[in-house]
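Q: Residue strings, one per chain:
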Amino acid sequence: MEGVISWNDIVAGKEDAFRMLYDRYSDLLYGYGMKIKANETVVMDAIQSLFMNIFEKRRHLAAPNSMTAYLCRSLKNLLINEMQSATVRNTCELDESVSNNYDFDLEVDAESAIIANESDSEKYRVFQAELNKLSRQQREMLYLRYYKGLEVDEIAEVLSVSKRTVYNTTNNALSRLRENKVLARYFGETALLALLSIGRFYVFSI
Amino acid sequence: MDIERIDISKFPLKHEAFVRKNELGDKLAALRAVRRTTEMAAKRRRNRAWAWSGAGFAAAMVAFAVFLMQTVTITTAHEKQVVTLPCGSTVTVAENSRISYKPHAWNLLGRDIELDGSAYFSVNKGNTFTVNTDCGNVSVLGTEFEILEQPNAMTVKCHDGRVKVTASGDDGSSVVLDKGECVEVTKTEVSEPEQIAASEQNLSEDETEEESRIIEYNREPLMNVVSEIERCFEVTVKNKSLCSNLDYSGVFYTDDMDLTLEIVFSSCGFDYELIDENMIELKNIE
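Residue numbers (this note's numbering), protein chains in the order written: chain A, 1 to 206; chain R, 1 to 286.
Here chain A stands alone, though its shape is the one from the complex:
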């Protein structure tokens, strides 16, 4: 899918290539950005800056290995910079930890789902509670992997961690979700498969 957008066309400044780039990645970036900073104006400004930066600096940019990972990481940096400077503006003091100071809250949208009965409603509530108990990094990896479909090496690139860390953290998060009885029942048949794959992973990691 990425092969269709030619990096040479981007460097050449072709309008079609830029429109295609935006059409393909803006939804992904919007969803991801809104988890970092739940403010539509800020996220849209950041997406605008991101695409305009690419346009203006196109001649000096090297072709990225993964366009998805490159865009996600760039957007995240833009948002963190924006939050840092906003913090400095508002409080007049530098908080060094602000770069790690986003929550990456995942809010389950129960209203948009078709809720047939009380047990469905309960399931959503439990899933939300379990998500909240996970670490921020676990939530972010689960989101990128299962909601946005990024590959493990792309996630590693976005979060600046090793692929091993991505495997371990993600598997730990899934194990925790499965330990919940309500959710285990809900995931049902896939649970056995899951255990098998975890076993395979531990063999690998030893």
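All clues given are correct.
Calculated pairs, EDC-like style, for lysine to aspartate or glutamate (alpha carbon to alpha carbon, straight line, at most 20 angstroms):
(1) R:27 / A:23
(2) R:14 / A:40
(3) R:21 / A:27
Covered by chain R, per the in silico footprint, the following chain A stretches (three or more residues, Cβ under 8 angstroms):
(4) 7 to 18
(5) 22 to 28
(6) 34 to 42
(7) 48 to 56
(8) 102 to 110
(9) 138 to 152
Honestly, the hints are just simulated from the structure, not real lab data.
Beta carbons are placed, not taken as given, at the ideal position from N, Cα and C, and that holds for glycine.
Following the hints, put chain R in place on chain A, whose structure we already have.
A: Chain R only, in chain A's frame:
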């Protein structure tokens, strides 16, 4: 190897739908269009800047050429004038003469000087020093010489070092003068070098009355001395041919003919007789 496949994306999340996607897409397209316009303008400005700097460079080159070709001309009237050239060589420009040269190109393009009239040159060692006249060119490396220009001819006298004289005509001949030689040049030919008349040696020096009165010869061909006697005292010497192949070393008093004849001819073994005011006859001593 992959992470286990559990489809948690069955649970929809909030803030996923990018409602204003098209709005931002259009805004980005408009910004890109503006940006492209400014980039093109900047490119045109850069090209103009290059064009201007090119023009500036060309103008600087022209100015430099004009600077190099700038000519200094010195014209004398009733007094001679000493001119020092950029290389330290000096030119004594005779009365009613003119020299011109290019001071800024002097060391860069060569030592070339135009002469109209007469001048005495004392040239420091260096590049070829060339004097161009109507009749021809005189070129040297470092020496002292003199150019006396007459209508349609000039006389070049080499006082020190060596001088090459070339007639200006298409197939102009050339000759090399050694120290103490002089030559007459017309536009088409260069005559055979001759010894400078002894009385004219060191002409440019400031001489005392005594020195200018007495000329000293050292192994000078006797024929030259006889010529000088004829010229100096306005006489004709008969049987001059007796003097060929003889040299004379001694003095010559330009203001005393009798004494001079006595000294020169007796020392060479000749007897002589004054036939009249303007005629002297040479004889071998019997």
